[in-house]
Every structure is written in C-alpha cells, then in structure tokens.
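Take the given structure of chain A and dock chain B to it, following the hints.
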Amino acid sequence: KIEKAKAIKCGTFGATSLQQRYLATGDFGGSLNVWNLEAPEIPVYSVKGHKEIINSIDGVGGLGIGEGAPEIVTGSRDGTVKVWDPRQKDAPVANMEPVQGESKRDCWTVAFGNAYNQEERVVCAGYDNGDIKLFDLKTMSLRWETNIKNGVCSVEFDRKDVNMNKLVATSLEGKFHVFDMRTQHPTKGFASVSEKAQKSTIWQVRHLPQNRDIFMTSGGAGSLHLWKYEYPAQRSKKDSEGAEMGVAGSVSLLQNVTLSTQPISSLDWSPDKKGLCVCGAFDQTVRVLIVTKLNKV
Amino acid sequence: MPVWLREYSWRQTGSAVYLSLPLRGVRVTPANIFCTEQYLKVSIPPFLFEAVLYAPIDDTNSTAKIGNGIIFFTLHKKEEAMWESLTLANTNREKLQYLRENAVLKAHEKAKEETEARKVTKQEHNKYALEATMKLEEAERKRIEDLKEKERQKVTKELELWTKQHKNAEKQKSIQKEGELRQEVEQLKEKKKEKVNKTGIPNEGTSKTRPKPIKGCHGSCSIFSENLEEEQLPAPRSAATIKISFTPRVFPTALRESRVAEEEEWLRKQAEARRTINADLCELEDLKEEEKNPDWLKEKGNKMFATGNYLGAVNAYNLAVQLNNKLHLLYLNRAACHLKLRNLHKAIEDSSKALELLTPPLPDNENARLKAYVRRGTAFCQLELYTEGLQDYEAALKIDPKNKTIEKDAERIRHLIQGATQGS
Chain A
1 KIEKAKAIKC
11 GTFGATSLQQ
21 RYLATGDFGG
31 SLNVWNLEAP
41 EIPVYSVKGH
51 KEIINSIDGV
61 GGLGIGEGAP
71 EIVTGSRDGT
81 VKVWDPRQKD
91 APVANMEPVQ
101 GESKRDCWTV
111 AFGNAYNQEE
121 RVVCAGYDNG
131 DIKLFDLKTM
141 SLRWETNIKN
151 GVCSVEFDRK
161 DVNMNKLVAT
171 SLEGKFHVFD
181 MRTQHPTKGF
191 ASVSEKAQKS
201 TIWQVRHLPQ
211 NRDIFMTSGG
221 AGSLHLWKYE
231 YPAQRSKKDS
241 EGAEMGVAGS
251 VSLLQNVTLS
261 TQPISSLDWS
271 PDKKGLCVCG
281 AFDQTVRVLI
291 VTKLNKV
Chain B
1001 MPVWLREYSW
1011 RQTGSAVYLS
1021 LPLRGVRVTP
1031 ANIFCTEQYL
1041 KVSIPPFLFE
1051 AVLYAPIDDT
1061 NSTAKIGNGI
1071 IFFTLHKKEE
1081 AMWESLTLAN
1091 TNREKLQYLR
1101 ENAVLKAHEK
1111 AKEETEARKV
1121 TKQEHNKYAL
1131 EATMKLEEAE
1141 RKRIEDLKEK
1151 ERQKVTKELE
1161 LWTKQHKNAE
1171 KQKSIQKEGE
1181 LRQEVEQLKE
1191 KKKEKVNKTG
1201 IPNEGTSKTR
1211 PKPIKGCHGS
1221 CSIFSENLEE
1231 EQLPAPRSAA
1241 TIKISFTPRV
1251 FPTALRESRV
1261 AEEEEWLRKQ
1271 AEARRTINAD
1281 LCELEDLKEE
1291 EKNPDWLKEK
1301 GNKMFATGNY
1311 LGAVNAYNLA
1321 VQLNNKLHLL
1331 YLNRAACHLK
1341 LRNLHKAIED
1351 SSKALELLTP
1361 PLPDNENARL
1371 KAYVRRGTAF
1381 CQLELYTEGL
1391 QDYEAALKID
1401 PKNKTIEKDA
1411 ERIRHLIQGA
1421 TQGS
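Protein chains in written order, with the numbering used here: chain A, 1 to 297; chain B, 1001 to 1424.
The shape of chain A in the complex, shown without the other chains (with noise of 0.2 Å):
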C-alpha cells in the first residue's frame, strides 16, 4: 500500500512498456506523476502541468500496443488538454487552451485514438458543456468539435492503435453518442446515433479489447450495460453536393445488471481473458465481473 500527499484521480498504463509497466496518475493538485511501483518513493517523471484537477488521463503508445513514440495526454478543470512525453521534462508537446480572456471549462474526460503509425495521433476531448474536440496532433490543429448537449463524463475510441473507427461519448443525463469516425463531412462532421440508457449519468464507457464492436457503459445508479454496435449496409454515402457523409449504424442492449446503489465510476475490460472487467464504485468497493457467452454475441 502506498500512500501520496494529494489525493489521485485518475491512473493509466497507457504509455508504458510491458517491461516497465510505470503507473501515470493525475491527481487534484494538478500534477501528473509516472511512479515505478516497484520503487514508489519519487516518481520516474513529474510535473506541475495543471492549475488545477487533472480530471482524466490517456496513455498510448505502450503495452505493446500501437507504434510511435509513448505519450500521456491530461484534461484539468482548468480548460486545457496537455500532452506529455516522459522523455522531455517539464515543458508538454501539445497545449490545448482557451483563447486569452475566453472564459474556461472544465475538461472531463480525454482519449488518444488513429495512433495506427508513428506519426498519427489524435486526442479528443470532452467537457463540462457539452464540447468535444477531436485535435489532430500530427497538425497540431483542431479537427472537428462539436456539442452534445450534456455535459461529457468519457469519451473512447475503440481501439487506440488503428486508423478511427468508431468514438463513444457519454454523457450527463443518461445519453451516449456513438459516431462513425471514418468519414468525416466538411460541414456536418461524423455521423452518430444516440441511445439513452437510463435517468442516470453515463460515467465510463469501455469498448472490449477483443471485440471492439461490444462495450460496456457504467451508469450512475449502479448498473452496467452492455452493448453491441451493428454497422449499417453502407457506411457512407453522398450528400447533395456530392460530398461523402457518414452513415451511422444501431445500438442494441445485450445484458443489463444492477450492482449497487451508488454510481460505478470506472470500468475497464482484461485484456487477456475475454470478458473478464473489473469497475470500482463510490460504494467503495471494487468488483470483478466475468461476462459470457460474448463468443456468441
């Protein structure tokens, strides 16, 4: 057991090798920190990168997945999205912030996805607002943004390492979004479809690392759903000036369980044994699940 001076929020080991296997956290003062557990006294890399909470935290580039170099991207309340790389100290590769004198929001939730070369990264990130912002890093601009009426809790690619596929965002309110990222419009960007699950907050979507077509959205009243996204007969098609527009396709609800009373807060799949997922919940309890019959599905 290991304990720190300021509380931790959030935690990845995106951005690790499989040999290292170093914890990045994010924590309320706005530090990220990447500790060897074996050695948890300092950490191997830290920085002041945020005023205030890092809400979220996404690393890519390790556990054997992907190419190109290891990077760790965080989204603090303070409104701005940083991207690090554990080898350069103190300064981030990538600063996503308000325009000088625009008021801020906070950033909720952050994911890297299309990291299919060495080159090709991409954050999108989600706010208090209802904003999502998908930001390219090889051009380092933004490549498409758009607001979802509801305050985003978690936004995932399905799969970091390939060029992107399908994005989940969830949201307050019980609704969650999933947009075809493979054509995007010049006008009308990704196309979606949305489902509302439940009166509650959607906290935590994760995509099974086996079958990127199925994943699981943890709610706030304790239940957690899963789903499975069908693609429809054409994933794209031409608009009235001849422009390619995306075609989305349907969610349909596999299972449904309830597990507590209070919100499951974090979820995430193993990636070794299929449908093996462990969430943790503000019951204060951690909870390992198994889920059958997903060969079936």
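Honestly, the hints are just simulated from the structure, not real lab data. By construction, the Cβ of each residue, glycine as well, lies at the ideal position given by its N, Cα and C atoms. Worth double-checking, as some hints may not be accurate.
What the hints assert, rightly or not - With a straight-line cut-off of 25 Å between C-alpha atoms, the simulated PhoX-like cross-links for lysine-lysine are:
#1 149/A <-> 1269/B
#2 1142/B <-> 293/A
#3 104/A <-> 1243/B
#4 273/A <-> 1150/B
#5 1171/B <-> 273/A
#6 273/A <-> 1157/B
#7 1326/B <-> 1303/B
#8 1154/B <-> 293/A
Stated by the list, open to error - One-sided and incomplete, this derived list gives chain B residues near chain A with beta-carbon spacing under 7 Å:
#9 1155
#10 1247
#11 1249
#12 1257
As the list claims (entries may be wrong) - Cβ pair distances, simulated, as ranges:
#13 293/A <-> 1262/B: 41 to 49 Å
#14 286/A <-> 1129/B: 44 to 52 Å
#15 1167/B <-> 98/A: 21 to 29 Å
#16 1251/B <-> 188/A: 25 to 33 Å
The following block gives chain B in isolation, referenced to the frame of chain A:
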C-alpha cells in the same frame, strides 16, 4: 278442479316398488314429477296424481321412466319390507296437507344443499387448478435457475483453470529467460576471459551491470533488443499550442438538457429586472425600445463623454436614472460629466449618491468607490472646501494605498490647507 288419475298399477319386491301410471295423450316432462321421501306427485294440468307412500323411499336413487303415454316409477324402499299397499290408508285431509307442505320444504332444503355442495366442489376444483399452474411455473423457474447455476459453475472453473495456466506459463517463461540469460552471461564471461588473457585488462565492471531484474513479461526481453527499441522510437514531438474556444455558457455548472429550460427562464428574468423599473411614466411612451434600456443609455452616455459631448452624456444619464435609479455606475459617470462641466455641486451630489448605492464596502466595488471618492474630492477642492476634499482623498487612499496620483493630490491639498490656515 284437477282430474285425478286413479288408474295405476304397481308391484313390489323386498327393496323396491314399481309403479306404472298411464297417461294418455299428454306430454310428460321431468318438471311435472315431484317426489320426496314419502310423497309422490305427478301434475300435468289438468291431470293430477298424488300418493302418500306407505313407507319412506330413497328419493334420490329412485327413478321415473317416461315412456309413450306411461310413466314407470322405480322407487327404492328405505327399509326392506313388504308394503301392504302403495299408499297410506287413513289419510285425512289435514294430514295430507301437512305431508304435502313437509314434502315441499324438504325438497327446498335438498335443493339448497345441492347448490351448496356444488359451490364447494367448484371451489375445490379452482384451487386445484391454481395449485397445478403454480407448480408448473415453479418448475419452469427452477429449470432456468439451474441453467444459470450450471453456467456460473462452468465459468468459475474455467477461470480458475485459466489463472493456473497463466501462472504456470509465466513461471516457465521466467525460468526460461533466466536460464537463457545465465547462458549468455557465461558466454560473455568466457569471451572476456579470452580477452583478458589476450589483453591483460580486467573487465569485471561490465559483467556486474548485465543481469537486470527480469519480471514476467510477454514481449521480447533480451537486453540487447531493448536498447535497439529505444532508438527506434521517434523523438518527442515539437511543442505546439492549439487555441480553442468553447461553446459559450453563462453558468459555471455542467450543461444538462433537463435544466436548460430553467436556466433560460432565470436569465430572461435577470435581463428584465435590469430593464425598466418604473415603466409607467408617460414620457416613456415616446421613447423607442432601445432608449428604455438603461444599459444602452449608459453606453450612449459613455460614448458621448469620450467624444467630449458632456451635455449630451448628462442627458443620457438623466434618462437612464429615471428608468433605473439603482445603478451606481450612472451616478458615477454623471458626476464625472458634471466635473467637466464645472457643475461642482451636482458632481458632489452624484458622487454621494453613487457611494450610497455602494454602501456594502466589498472588494468588488473598490474600483467604483475609489473613483467616487476621487471625483467628490476634486469637486470639493474646486469649491475650495479643502478639508472635505482631503477627507475624500484620504478615504480613496485607504482603498488603494499604492496609487501615486491620489497621494500626490492629497499632499497638495494638505499644503493648501496649511497655507490657508497660516495665511489667515
């Protein structure tokens, strides 16, 4: 008067009486026959046959066969005995009547009992049916439960098996790797020994750093390839900043669809509250929509002040004050205009009004109060009321002690006061 039927014939055995009653030309239905324990009646208007039987019979088991023009009764005796005659011999009228009534009552009772019995059996039947369905449902539920249990057990077994396999696999791999490493180390040592023999320089330092701690791992674990990997990783990106702007939102809380309606209401009410407070002044009817908004008028006034049109600015502020006399900024700005126009008394009035409105002295209205004090002070000095002016300047200094201009002016006023007192 009914027609009595007296032609009948009967014979008997020890246990039964057989009575045949001819009825020519009438149709008989079971309703016409009435029989109780000791009384038998067949009534087919206008014909009537009745008999008070010699001994009681079992009327539930007795039968009546209705044939062509004849009824054939089979009456089972209650007691096995031979009857002297079919009917009782001495039956006077009253007894007959009494018997009749009795018979009717008995029949009634019987009928009642029968219906009750029927009810009871019906209830029992229903109960039985219900129980049967419940059992079926139970069975179904149990079947499903069993399926689930089996599935659960199967999966837990699989999981245990998998974890064991996993652990074994990891152990094996680590043992393997250690073995390989040792081999490599030995090989290196041998090579070094050869080198040492050749060159004579000890190379112990390097051999100590070789064996790195190896944890169970999936990817390649050889020492050499790790170094190679690091070189293959691209350099960190060149730092850049992307500027973003957010969808505007007035409230600091997160956006929720269900609250949007409430929020709009609140904003609208706030906007209205800032507008006309006393909207029933008749002069206002002449004004355009814009001119009724004190904020807009304030803006107009500010612009005119900036261009030097102080009278126009004062007019604008006057109108704004008529509409909403709670905005301190209007008084503050009007005071500045009056200063420029050298309406010093008016300037003092307006600054005082502004200060009144700013009475809870919070850090938010520091700036405004500072301006108010400075303007009032200036006005006082220009009226040569230096002591009052100094008071105001000191108050301003208290708010912002670091302001050099205020300090200088305060000093000047002090000198003036001292000069005046000295002079007079």
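> At a threshold of 7 Å, is the proposed contact between residue 1249/B and chain A supported by beta-carbon distances?
Replying inline: holds, 4 Å
> Is it true that the C-beta distance of residue 1251/B to residue 188/A lies inside 25 to 33 Å, as the hint says?
Replying inline: holds, 28 Å
>> So if I understand the rule, the pair passes when the alpha-carbon distance is 25 Å or less; does residue 1154/B with residue 293/A pass?
In response: OK: residue 1154/B and residue 293/A at ~12 Å, within 25 Å.
> Is it true that the CA of residue 149/A sits at most 25 Å from the CA of residue 1269/B?
Replying inline: Cα-Cα ~23 Å, so holds.
> Was the hint right that residue 1247/B lines chain A, CB cutoff 7 Å?
Replying inline: Interface hint status for residue 1247/B: holds (5 Å vs cutoff 7 Å).
>> So, as I understand it, the hint says residue 1257/B touches chain A; can you test that by seeing if any CB pair is closer than 7 Å?
In response: It holds, given that the least Cβ distance between residue 1257/B and chain A is near 5 Å, below 7 Å.
> Is it true that residue 286/A and residue 1129/B lie within 44 to 52 Å of each other by Cβ?
Replying inline: holds, 50 Å
> Taking 7 Å as the limit, does the beta-carbon of residue 1155/B come near enough to a beta-carbon in chain A?
Replying inline: Nearest chain A Cβ about 5 Å off; hint holds.
> Are the Cα positions of residue 1326/B and residue 1303/B separated by 25 Å at most?
Replying inline: holds, 21 Å
>> Check the hint pairing residue 273/A with residue 1157/B against an upper bound of 25 Å on the C-alpha distance.
In response: holds, 14 Å
>> Against the range 21 to 29 Å, how does the distance between the Cβ atoms of residue 1167/B and residue 98/A compare: consistent or not?
In response: violated, 50 Å
> Is the hinted pair residue 104/A and residue 1243/B satisfied, with a Cα-Cα distance of at most 25 Å?
Replying inline: Cα-Cα ~12 Å, so holds.
The structure fails hint 15 only (numbered hints given earlier).
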